[in-house]
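Engineer: When you get a sec, could you build the whole thing from the sequences and use the hints?
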Amino acid sequence: VCACVRESVCERERESVCECVREGVLFLSQSPEAACLSAEDISPSSNGPRDDDPDDLFAEATEEVSLDSPERQPILSDGPSPAITPVTPVMISPRVDDEDEEENRDTFDIQISVSDPEKVGDGMNAYMVYKVTTKTSLSIFSRDEVCVKRRFSDFLGLYSKLASKYMHMGYIVPPAPEKSIVGMTKVKVGKEDLSSVEFVEKRRSALERYLLRTVKHPALLKDPDVLQFLESSELPRAVSTQALSGAGILRMVNKAADAVNKMTIKMNESDAWFEEKQQQFENLDVQLRKLHASVESLVCHRKELSVNTASFAKSAAMLGNSEDHTALSRALSQLAEVEEKIDQLHQDQSYADFYLISELLGDYVRLITAVKGVFDQRMKAWAKWQDAQVMLQRKREAEAKLQYANKPDKLQQATDEIREWEGKVQQGERDFEQISKNIRREVGRFEKDRVKDFRVVIIKYLESLVHTQQQLIKYWEAFLPEAKAIA
Amino acid sequence: NSDKLILENTNPRAVNVDLQTDATLQVDISDALSERDKVKFTVHTKSTLPNFKQNEFSVVRQHEEFIWLHDSFVENEEYAGYIIPPAPPKPDFDASREKLQKLGEGEGSMTKEEFTKMKQELEAEYLAIFKKTVAMHEVFLCRVAAHPVLRKDLNFHVFLEYNQDLSVRGKNKKEKLEDFFKNVVKSADGVLVAGVKDVDDFFEHEKTFLLEYHNRVKDSSAKSDRMIRSHKSAADDINRIASTLYTLGTQDSTDLCKFFLKVSELFEKTRKIEARVAADEDLKLADLLKYYLRESQAAKDLLYRRGRALVDYENANKALDKARAKNKDVLQAETTQQVCCQKFEKISESAKQELIDFKTRRVAAFRKNLVELAELELKHAKGNLQLLQSCLGVLKGDT
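Chains as they are written, first to last, in full-length UniProt numbering: chain A, 1 to 487; chain B, 1 to 399.
Keep in mind the hints are simulated off the structure, nothing from the lab.
It should be emphasised that the depicted structure is a prediction, and the values quoted were computed from it without experimental measurement.
From the three backbone atoms N, C-alpha and C, an ideal C-beta is built for every residue, glycine too.
Relax, there's no trap hidden among the hints.
Short, incomplete list of chain B residues facing chain A, as computed with Cβ under 7 Å:
id	residue
1	Arg216
2	Ser220
3	Arg226
4	Ser230
5	Ala234
6	Thr244
7	Thr254
8	Val263
9	Leu388
Okay, derived cross-link-like pairs now, DMTMM-like style, lysine to aspartate or glutamate, Cα gap no bigger than 20 Å in a straight line:
id	chain 1	residue 1	chain 2	residue 2
10	A	Lys474	B	Glu372
11	A	Lys474	B	Glu375
12	B	Lys262	A	Asp453
13	B	Lys99	B	Glu121
14	A	Lys290	B	Glu268
15	B	Lys300	B	Asp201
16	A	Lys135	A	Asp109
17	B	Lys102	B	Glu114
18	A	Lys135	A	Glu231
19	B	Lys258	A	Asp449
20	A	Lys202	A	Asp363
21	B	Lys359	A	Glu482
22	B	Lys396	A	Asp449
23	A	Lys290	B	Glu114
24	A	Lys484	B	Glu372
25	B	Lys112	B	Glu268
26	B	Lys152	B	Glu78
Calculated Cβ distances over 12 Å to all of chain A for the following chain B residues:
id	residue
27	Glu98
28	Gly106
29	Glu314
30	Asn327
Structural biologist: Here's what the structure looks like:
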């Protein structure tokens, strides 16, 4: 059944995209608002729920409230958490013009590379420094090409800042790569073995992908922290990153969401889109994790195959040496050579398995956690709005009581409080609708990127498999006459 | 549960050895039945020899009876000068059975499709092992039937013709222990015998060659097994990947659904090919090496027997000299010496021919199997390539 909004109407098989989507009924990418990324968009035309939203909960709340409302708190975990750099809510207005987002993407002209890992210091205080090179023609950057040196905790620091600024608004902030105590310790201790080299390469590649994903996001690209990260030669050391990691932040955020879930008032989902999307992401999460596990197993077995093939090749060479029939001896040596080439082939293929597929899947498993995070943020926003309504109701009841009690001062205070909470209710509703809108747009963008990423990577991967088979054919074709020559 | 395997009645499916087929005596295994803990082979004989009551007949034999036949050859002094065809290994379905059992236990944790798929995989594996054990038992019989002297052996004829149970019980603990000690003594002797340099260049060369060759084949056999196991594991992973991609394809709400389904289909097919590659490598390479591990051991055993006969001969010579010196029991010593001399020369003569034949057979078998291996690898790689390229064409064209 088609995934479009009109699920009850559309009965088509999912072999092709259904007409509903083609006609643009699918809410996401067609509406002009989607292009506008301002975080604080008060214009009435773009705000507000969809036209056919039947459950307008606030039909009664029509009182005009001044919009000089008190500062909005970033909706993150209750209680201060030491790991998040305290940020005064910055009202960012990345002004992307109201052109179609598509065009912006086509002129997306920025290349980032992470390279030249260098070890700095000794022993347990040592760390790796990576060169980050940005080449761009975009005007927000001060130069065409800039190189800076960054260490891993700098990347984590960047992520934590971006997460605290944007996640509560429903933006899907790409998570930074995972910390690895084991991997890093080996590097620190100075083991120059293959596994440390592989670890550093894996990390370098992951950091590069992280930055590319981050700048692909139109809002994040213009964020001053991102610009500072890419351009400035000196970066203030990220504090308290010991506990920080992409997963760490998301865990915190999700813990907050769990708290919301345990609330007595279950969110009355008036918009089926959100419920459906959440379910889809849940399913996608399960399958991607499963796929990731299978691919990791394949990488492991292919590496094993490579090692065992090399071992067999050596053994076959020895067998050839001891064989006293000359032609057979030569053929066995040839077989050994073929197997040696094949073992290299298996090794190369296992790298492709890993760097193309396995890492992509790992990235997406983390990204989906971020997506689930923003859905939870929306629930939090909804909860806050509900709380405000409850509070307002209480204040009204209190005022009503005071009317009979005839205490003029207290009455005035009560009336003031009512006004205050009416404002909060309105703000809560606006925030909720804003985050809902943002999420729709973000999910649309995310899905588009996902389709592109997977397509590109899978095609590249299949091409690597083609290459392997072509090489195998070459090797065995060269061997066959040798085998036939045994007389 | 029992699986009946109907095999076609083709001429020796002797995969590992190149044997001359002879109309006067043809033996094959026409049918086999796998029961809980034993396999029953139907041994089918076609013969124009007068020794048999009929021209064509079949009997049912189990593994222990093959071993009995093999051991009777080894213990027969008359055959000391021949390479005794190596006994077939005991049918071993334990690993496969264990996997099937584990699958049954894990049935709850996987989807119905996955379960059915894995069950089919394991059943195919079981069948492959089954076919292999049949082939190995058959090769043993064919080798005996092709040998000019062994084919006339009375026990062999009884084995082929007697249609009752041979009442050959497996060795009990005491007998197994006796065997163990016999082997220990033999290897100690083997070292002794190997240390003496042979006057005859041919045998000296063969000794050096076989000792080294046997060890190398052992190593290669083990390493090829490991390599093939990894290959199978990788194919299994691709199987799981294909399943998950299929699920993703049915669930995805974007254009990727088509993509995933196509790639899933591709991997299903390439996975089958990869599994075939592993199976063919197993058949043409691993089995070949395993067989020649056993044959080279049998050849070593022949050299050992000749070595023993030589030692006996030399001792008899010494005893004769002593007897002549003391002038006591000279005639007896002379007779003993004559017997030892004859025995040694008889063994040497037939051993030489056997070892030459061994080399011829070995070279032919390796040639056949290496050529077939290369041809199969090529066939599968081309098949894989064609599938990959056609899928890529569709996927790229779809954008």
